[in-house]
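2 protein chains.
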Amino acid sequence: MSEEIDIVDAETEDSGAYTLDRRAVAAILYAVDIEDRAKLVELMEPLHPADIADLLEQINAFDRMRLIRLYDREFDGDILSELDESIREEVIGLLNPEVLAEAVRDLDSDDVVDLVEDLDEPQKEAILGALGDSDRAAVRQSLTYPEYSAGRLMQREVVMAPEHWNVGEAIDFLRNSEDLPEQFYHIVLVDPKLHPVGNVTLGKLMSSRREVLLKSIVEDTFHVIPVDQYEGDVAYAFNQYHLISAPVVDENDRLIGVITIDDAMAVLDDEHEEDILRLAGVGEESRLSDNTFETTKQRFPWLAVNLVTAVLASLVIAQFEEAIAQIVALAVLMPIVASMGGNAGTQALTVAVRALATKDLTGSNLWRVIRREVLVGLVNGLAFAVIMGLVGLIWFGSPALGGVIAAAMVVNLVVAGLAGIAIPVALEKLGVDPALASGAFVTTVTDVVGFFAFLGLAVVVLL
Amino acid sequence: MSEEIDIVDAETEDSGAYTLDRRAVAAILYAVDIEDRAKLVELMEPLHPADIADLLEQINAFDRMRLIRLYDREFDGDILSELDESIREEVIGLLNPEVLAEAVRDLDSDDVVDLVEDLDEPQKEAILGALGDSDRAAVRQSLTYPEYSAGRLMQREVVMAPEHWNVGEAIDFLRNSEDLPEQFYHIVLVDPKLHPVGNVTLGKLMSSRREVLLKSIVEDTFHVIPVDQYEGDVAYAFNQYHLISAPVVDENDRLIGVITIDDAMAVLDDEHEEDILRLAGVGEESRLSDNTFETTKQRFPWLAVNLVTAVLASLVIAQFEEAIAQIVALAVLMPIVASMGGNAGTQALTVAVRALATKDLTGSNLWRVIRREVLVGLVNGLAFAVIMGLVGLIWFGSPALGGVIAAAMVVNLVVAGLAGIAIPVALEKLGVDPALASGAFVTTVTDVVGFFAFLGLAVVVLL
Numbered sequence: 001m002s003e004e005i006d007i008v009d010a011e012t013e014d015s016g017a018y019t020l021d022r023r024a025v026a027a028i029l030y031a032v033d034i035e036d037r038a039k040l041v042e043l044m045e046p047l048h049p050a051d052i053a054d055l056l057e058q059i060n061a062f063d064r065m066r067l068i069r070l071y072d073r074e075f076d077g078d079i080l081s082e083l084d085e086s087i088r089e090e091v092i093g094l095l096n097p098e099v100l101a102e103a104v105r106d107l108d109s110d111d112v113v114d115l116v117e118d119l120d121e122p123q124k125e126a127i128l129g130a131l132g133d134s135d136r137a138a139v140r141q142s143l144t145y146p147e148y149s150a151g152r153l154m155q156r157e158v159v160m161a162p163e164h165w166n167v168g169e170a171i172d173f174l175r176n177s178e179d180l181p182e183q184f185y186h187i188v189l190v191d192p193k194l195h196p197v198g199n200v201t202l203g204k205l206m207s208s209r210r211e212v213l214l215k216s217i218v219e220d221t222f223h224v225i226p227v228d229q230y231e232g233d234v235a236y237a238f239n240q241y242h243l244i245s246a247p248v249v250d251e252n253d254r255l256i257g258v259i260t261i262d263d264a265m266a267v268l269d270d271e272h273e274e275d276i277l278r279l280a281g282v283g284e285e286s287r288l289s290d291n292t293f294e295t296t297k298q299r300f301p302w303l304a305v306n307l308v309t310a311v312l313a314s315l316v317i318a319q320f321e322e323a324i325a326q327i328v329a330l331a332v333l334m335p336i337v338a339s340m341g342g343n344a345g346t347q348a349l350t351v352a353v354r355a356l357a358t359k360d361l362t363g364s365n366l367w368r369v370i371r372r373e374v375l376v377g378l379v380n381g382l383a384f385a386v387i388m389g390l391v392g393l394i395w396f397g398s399p400a401l402g403g404v405i406a407a408a409m410v411v412n413l414v415v416a417g418l419a420g421i422a423i424p425v426a427l428e429k430l431g432v433d434p435a436l437a438s439g440a441f442v443t444t445v446t447d448v449v450g451f452f453a454f455l456g457l458a459v460v461v462l463l
Numbered sequence: 001m002s003e004e005i006d007i008v009d010a011e012t013e014d015s016g017a018y019t020l021d022r023r024a025v026a027a028i029l030y031a032v033d034i035e036d037r038a039k040l041v042e043l044m045e046p047l048h049p050a051d052i053a054d055l056l057e058q059i060n061a062f063d064r065m066r067l068i069r070l071y072d073r074e075f076d077g078d079i080l081s082e083l084d085e086s087i088r089e090e091v092i093g094l095l096n097p098e099v100l101a102e103a104v105r106d107l108d109s110d111d112v113v114d115l116v117e118d119l120d121e122p123q124k125e126a127i128l129g130a131l132g133d134s135d136r137a138a139v140r141q142s143l144t145y146p147e148y149s150a151g152r153l154m155q156r157e158v159v160m161a162p163e164h165w166n167v168g169e170a171i172d173f174l175r176n177s178e179d180l181p182e183q184f185y186h187i188v189l190v191d192p193k194l195h196p197v198g199n200v201t202l203g204k205l206m207s208s209r210r211e212v213l214l215k216s217i218v219e220d221t222f223h224v225i226p227v228d229q230y231e232g233d234v235a236y237a238f239n240q241y242h243l244i245s246a247p248v249v250d251e252n253d254r255l256i257g258v259i260t261i262d263d264a265m266a267v268l269d270d271e272h273e274e275d276i277l278r279l280a281g282v283g284e285e286s287r288l289s290d291n292t293f294e295t296t297k298q299r300f301p302w303l304a305v306n307l308v309t310a311v312l313a314s315l316v317i318a319q320f321e322e323a324i325a326q327i328v329a330l331a332v333l334m335p336i337v338a339s340m341g342g343n344a345g346t347q348a349l350t351v352a353v354r355a356l357a358t359k360d361l362t363g364s365n366l367w368r369v370i371r372r373e374v375l376v377g378l379v380n381g382l383a384f385a386v387i388m389g390l391v392g393l394i395w396f397g398s399p400a401l402g403g404v405i406a407a408a409m410v411v412n413l414v415v416a417g418l419a420g421i422a423i424p425v426a427l428e429k430l431g432v433d434p435a436l437a438s439g440a441f442v443t444t445v446t447d448v449v450g451f452f453a454f455l456g457l458a459v460v461v462l463l
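Residue numbers (the UniProt record's numbering), protein chains in the order written: chain A, 1 to 463; chain B, 1 to 463.
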């Protein structure tokens, strides 16, 4: 084993940056194999807890168990925070109770909340039991806020100052504070009723004269988050308004916590993952470390929905059995029309789902976007009608067959554009996540319309 | 017009938060209609530049032109930064040159870089000409770094301190500095060769005694970004290691700038958008404000690729024309097998593309993931084989036909799982973005295999 293995390669050689190095993982697993604890600790030492979590997710369950047992008391609480939920419970079960207690005590209260919210009751109590009284109370308080709300994301430690203070008073206050949070970027100004009225950055504070009023150096952009706001909207606000931290208020607009951008960024990443997996019909809880059984279970429902869709399309085809028996070329060509419609519909619906997620599709532009999608379907439909008309003509030597497939193509691509935008918007209005359900509906429409238009026209024109 | 219109609704009533209010937009457009400049300015005043940009994107080109002309000198440079590229050029062309110059002078140099990098030469020079000499030099310097590199993202103003300083020296230095950056969160410690060696947060600085050495209060996690690193990897590092800001170094490891998390978050959001749009076969430059012509042009190539795929599948069907002529039920049932395979393949490939993007799929777990996907395909294939076998039997009364569709289903779902993982991984190895091209390949495989397995087995068993 070479001593010079780079565990995480930060070099820029194309996409290799930050990927766990295969040889490094092999070296770690070798240390586990020969039960060389000193070597394992030495190899793991330079790794960030997030990378250790990735490593644990990538190795198999048997190696994971042996590694954790050997690593034992070196196990850091931050690794638990970084682990995918799918193997977090397993890892917590493997840890020596004392190691677990020690690991959890080092965490910030908002990380403990994130850790325990999905655990089952015995594990949750084991972790809460390891905390000091005040931390436990803070965690229990946070757990009273709804899941996926700003209340679960926020830190309860806030650095605040009365709005009438000047820079000198604020600096003296900070210099004399015993227990400032580990990470903070702003001082929140509050009025006598504890309503937040502005943010002063520490940088601005440091570079201003002592007699300057805090009120006069607040940031231009100041954004207050209601404690019950959905975390996806919190992430949106941070991204839209370039916030670094934002005060959180209760229903009486009183300051009760602060959310920082790193937590918002993690939520944004989760939201994207959820959208992309839902669009593909994969359960949004899907993780690469899930086992075969869990994965099969997650994927089955979407395939079942698709089977119903496909059978519906087949029922349409069955109406035209006679026509197909007379002109087998219809069977050869019909999947093309359905497939093109399905793809055009997916294009339109993906744009619509994304625009709904980024709040760019609103009442102000909905009709214009619908008109655009229909026109795009029409223009692309005409283009592919010409191409497929020629293919049909050349392949089967029948101008009429070419004309039928061309006409069906135009119809299906226009319908695809319309369905691709209208279905996600309608689902959103009904309170259903459009990322989850649009695909099945749009494909059903384009399959049914595609087969019906093509075979129906064929009956009229060719028989 | 009511005076109490909330322009951007931050309330938590489900997904309505932060969506531009339709009535507010109507009020603004009404002010434009009657050319009431005072009213327009009054209505726009409470809006954040990011919301004004969204508004401009959502209204049509004619209203946009009239609004910008009426708004005139109130137009803020930050609005330009927030605008989608697709209408940014149009808006810059509409602005009075003096207003444009004024707007651009207010921007930070990294925002100007972001603004000009996609403009055509005359517009770029007009904007650069409006800047002061030092700002222009800074922007030109940044533009020498490759597009999508850390060099384009970084701010060049860095607050640094020699590694041997103590807290008192650092505070005195900051208090006496004339031109600290607007936003900074860390002091970067550097050695005599200007190599960054650690980060001290301002909060930690404020809460430490004057004689404490800076070196002793650096942050645990310290991450240095090479100037030529791909921006997607920069965003990954911020998200993975929870960075707030990170120093950027040149090829000699010397400190030349700093990247902050808000820029990394914007990149993460862009990367996600790119992935989701590429997966759906929509040009990643696609914007909701694009017109019909641009949209048609973006969508055409993918549909053309899909047409080739679909024709390939049809060629497979054409090999079995005789069988279909004898048993028309084959034509009715065959799309089901292909459609199920396509969906199962899309599930597997989406999980693979996402795992490659998050660097969770590596040499260490590739074989285990492949094995899992094949097994999932097998298990789901068997489940749907039973279901479809029964459907085939009941619908067409033929146990043999039921058996054929069942067997084809198993084959196609196993192949779908294998192709869904192997194709994105192979593309990544070849340096092609798997999000862009996997879909076409996987669908081709599942269509061809689906039709071939079903019709081929039918010929062997039924004829």
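If you're looking for bench data, these hints aren't it; they were derived computationally from the structure. Worth double-checking, as some hints may not be accurate.
Each pair may be met inside one copy or between any two copies, as identical chains are not told apart.
Simulated crosslink set (BS3-like; lysine-lysine; CA at most 27 Å straight-line) [said to hold, decoys possible]: (1) LYS193 <-> LYS215; (2) LYS359 <-> LYS429; (3) LYS124 <-> LYS297; (4) LYS297 <-> LYS193; (5) LYS359 <-> LYS297; (6) LYS215 <-> LYS359; (7) LYS39 <-> LYS193.
Predicted model, so just to flag it, every value in this text is computed and none were measured.
Q | Non-conforming hints, listed in increasing numerical order | A | When the structure is compared with the hints, numbers 4, 6, 7 turn out to be violated.
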